[in-house]
Amino acid sequence: MDLSHWGGLDAAIVDLDGTLVDTVGDFELALGGALRDLGYAPVSRAFISRTVGKGTEHLIRRTLAEAGAPDTLYEAADARYREHYLRINGQASIVYPGAAEGVAALKARGLKLACVTNKPAAFALPLLAAKGLAASFELTYGGDAFERKKPDPLPLLKACEALGTTPARTLMIGDSQNDAQAARAAGCPVVLVRYGYNHGEPVEAAGADAVVDRIDELAALLA
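Letter by letter, the sequence shown follows residues 1 to 223 in the UniProt record's numbering.
In case anyone wonders, no lab produced these hints; they're calculated from the structure. Source: prediction; values computed, not measured. Treat the hints with care, since some could be wrong.
[As the list claims (entries may be wrong)] List time: in silico DMTMM-like cross-link candidates among lysine to aspartate or glutamate, alpha-carbon distance up to 25 Å:
| # | residue 1 | residue 2 |
| --- | --- | --- |
| 1 | K158 | D144 |
| 2 | K107 | D10 |
| 3 | K54 | D71 |
| 4 | K158 | D37 |
| 5 | K107 | E28 |
| 6 | K158 | D71 |
[Said to hold, decoys possible] What follows is a list of derived Cβ distance ranges for each label pair:
| # | residue 1 | residue 2 | range |
| --- | --- | --- | --- |
| 7 | E57 | G25 | 20 to 30 Å |
| 8 | A185 | G164 | 37 to 47 Å |
| 9 | A223 | G68 | 45 to 55 Å |
| 10 | R36 | A210 | 37 to 47 Å |
| 11 | T72 | I94 | 11 to 21 Å |
Glycine residues also receive a C-beta, built at the ideal position from the N, C-alpha and C atoms.
Please put together the full structure from these sequences, using the hints given.
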């Protein structure tokens, strides 16, 4: 696979959950704690892996339905979930092999880097710091930064504007169809990692320009 035909990239936008960090363990702890507080049994790890990626509201509403709880408990579940997540954030998550090295290599090539995630900023910023990744990014936008989340292109367009780049010269690196759809709509080239959370669907079907096993493969492919 040769991506050198892209050439002239000025920046990269990188997703967080499922791309940089495997956070299913954190979701499992926080969602399980919230459900137990409300008198319900935890949902499965496999369900969480299929469901994350579309923002906290989507995750909590789907989790309540999966647990057999009424949607009227959403506000209480959201409050309990956020309390648990802030307490355990990063404790059961790991940086994917090659992720930190890959981001560092892109930065060393002179690319401006932004992290754009659907995760709330109150969770995303401490997680990046705890995993030693925060300094790699000039900007980080959580899912509450704008009125719309990925797969809407707005977060990517806003990140490009803030970085002083154009979408055509800004690579999106993600793990799911959300990232691919947002990139396509924004006009960004997009690469997806094979190991992330793509709602139970093969990532190869998400419509990316390329799929890689590790982020640290990218620097050589772009050379």
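Results for each hint:
A threshold of 25 Å between alpha carbons decides the hint, and for K158 with D144 the separation of about 13 Å falls inside it, so the pair holds. The suggested pairing of K107 with D10 holds, with an alpha-carbon distance near 10 Å, which does not exceed 25 Å. A hinted pair counts as satisfied when its Cα atoms are at most 25 Å apart, and K54 with D71 qualifies at roughly 18 Å. The hinted pair formed by K158 and D37 fails the criterion: a straight-line CA distance of about 38 Å is larger than 25 Å.
Proximity of K107 to E28 is assessed by CA-CA distance (about 32 Å); at most 25 Å being required, the pair is judged violated. Between K158 and D71 the alpha-carbon distance is near 32 Å, which puts this suggested pair outside the 25 Å criterion. Taken as a hint, the range 20 to 30 Å holds for the pair E57 and G25, whose Cβ atoms sit roughly 21 Å apart. The beta-carbon spacing between A185 and G164, approximately 21 Å, falls outside the hinted interval of 37 to 47 Å.
A223 and G68 have their C-beta atoms about 52 Å apart, which keeps the hinted 45 to 55 Å range intact. Checked against the given bound of 37 to 47 Å, the beta carbons of R36 and A210, roughly 42 Å apart, stay inside it. In this structure, T72 and I94 break the distance hint of 11 to 21 Å, their C-beta atoms being roughly 36 Å apart.
Violated hints for the displayed structure, listed by number in ascending order: 4, 5, 6, 8 and 11.
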